[in-house]
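A.B. asks: Residue numbers (our numbering), protein chains in the order written: chain E, 256 to 628; chain R, 206 to 480.
Just so you know, these hints were derived from the structure itself, not from any lab. Nothing false has been slipped in among the hints.
Here are the simulated lysine-lysine pairs, DSS-like style, with alpha carbons at most 27 Å apart:
# : chain 1 : residue 1 : chain 2 : residue 2
1 : E       : 576       : E       : 620
2 : R       : 478       : E       : 620
3 : R       : 478       : E       : 576
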Amino acid sequence: MPTASPAPRLIGAGGLRALFEALVADGYHVIGPAVQDGAIMLRELASAAELPFGWGVRLEPGGYRLRRRDDDAAFGHAAGPQSWKRFLHPPREKLWSATRTANGFEVTEDAGEPPRYAFLGVRPCDLRAIEIQDQVLGQPGSRYAHRRAAAFVIAVNCTEPGETCFCTSMGTGPGAGESGYDLALTELADDRAHRFVIDVGSERGAAVLGRIPSEPAPAAIMRRARSAVEGAADRMGRQMDAGGLRELMAGSHGAARWDDVAARCLTCGNCTMACPTCFCTAVEDTTDLTGEHAERWERWDSCFDLDFSYLHGGSVRSSAKGRYRQWLTHKLGTWHDQFGTSGCVGCGRCIVWCPVGIDLTEEVKALRAEEES
Amino acid sequence: MSITGSTGATSMRPACYVVAGRKEETYDTVTLMLRPAAAPIETPRPGQFTMLYAFGVGEIPVSVSGIGQDLVQTIRAVGAVSRALCAAAPGDMIGVRGPFGTDWGVDGAAGRDVLVVAGGIGLAPLRPVLLAALARRGGRVVLLAGARSPADLVFTRELETWRSRGADVRVTVDHADVGWDGRVGLVTGLIKDAIADPGRTTAFVCGPEIMMRLSAQALADYGVPAWDIRVSLERNMRCGVALCGHCQLGPLLVCRDGPCVSYAEAAPLLAIKEL
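Bound-form chain E, shown alone:
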């Protein structure tokens, strides 16, 4: 409700620490970006000091490098190898366990309290990705829905798009818009000061903000903050013509380009693991050595796995061509049929983390050219 939203506030770098502590005091596990293993990873943070102050990234197809920034920005980096789905839709999760009884067996569903996460630093592309997964996985009563409802979301408007970013093409950024978050930060890090403008997106957000020192955001600062976000829209490293993508995908099954990309694709599935919307899972049924206890686990799966489409006697999609085509046509095409939106938010992760640098914006361009020729 933009009209009901309180006016934006301003905090300094110290305010970020106060915000962090307020969230911890409320019992949240604060998840945010931190430098780890040569990348900016998402993990539970012990303090706001763990945020990647002064770190940026250099991105290219099949390439990711950290770089030092000229300023001290905490959120001056584009998407990393992970996304928030790791927390809302965990890579491995036990669904239930069962024990043999005299009459058969008994199934017990693990019904613990969902973890209460506060996500600190959700970029607009990832905010929309969470909403897309809500469409797929958010059935009332589901584990996902419980975790999601408990999560406190602090978005960060993007002022620093990467070389592989194209959120403006997909309509997901660089601004977080007016909904989908509890609080939204815009970071201003320059010679004068390191400050954050905070927009309020929910009552819960207003309550947390009310407990930390802040001041009204002056008009001049607001203008700078808004123009920094608007300016980001002009610095996207990639573009994708999203018009008619669904129809293009539906009509391109016979395209020669699929053979071309299949010759490069290793079918490793990295793109599906890095993608913030890819949701597919497999189920594993296991027993212990006594045979008395069984468990069912859910784990992330990938449509690039040969077993993914297994049907008595063989896989439906045995070729790399079939599997890459499934991934792209689902992401950009049939996702609309199934869930009413595109499955792509333009974060560029699949381009960066593809070991052979396959760039979906290039593939779409080639498919379009082939269709028009």
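Let chain E serve as the given structure and place chain R on it in line with the hints.
C.D. replies: Positioned in the frame of chain E, the structure of chain R alone reads:
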């Protein structure tokens, strides 16, 4: 935290059923009569499937072959889970989730000629269609049942019962053996003669994908409108509730949008290799 119960749409937890009866259909196919040990699943509609769980082994989708006091499911032993399920003895417990997916739309065929075309164990999900059509006594009821060999024919003991109740039952095998004096050839070869009035016919087709495609195309060629040809699609169904992504066929999530769809919807999808 309350997670939806065993019959809830999002639950991955099976309901416990006890094997009340077991019938060997063929050398590799068994029909189980299942009774709930506690809360039952919702009553399935003809064409829907369940996920059957063998303790500690795993879970597979199985179409419902009978709906009544017992939940009736017919299973062919082709993998670890199906072998374990086929080996289940009366008194054994198995897990059941479901029912899932779309049904055949049997009621939509009321008053029309019902033409059932089955390949092998594809007859299992069609058995409730036949029973419903015979109980209704509307138009003609024709069953065309094909199998690879006489030993692969399922529900052989019931074929006579269905005949005596008025069904026109025609059986064919791909490969005859000694002692077989019936028809030999593909089930598609029986379709032309089985249609009395294509405009009054609703066809239900289930079997291997190639058989369904050829049968449905033959039905269409002989004038049955594509919307009145129903097929039962098969993909790798794992969760049953459109969450796991395995059963995609183009725009369809077969566990939710299928398995039963019209040929009008299925034809373009089945025409694309590796879709």
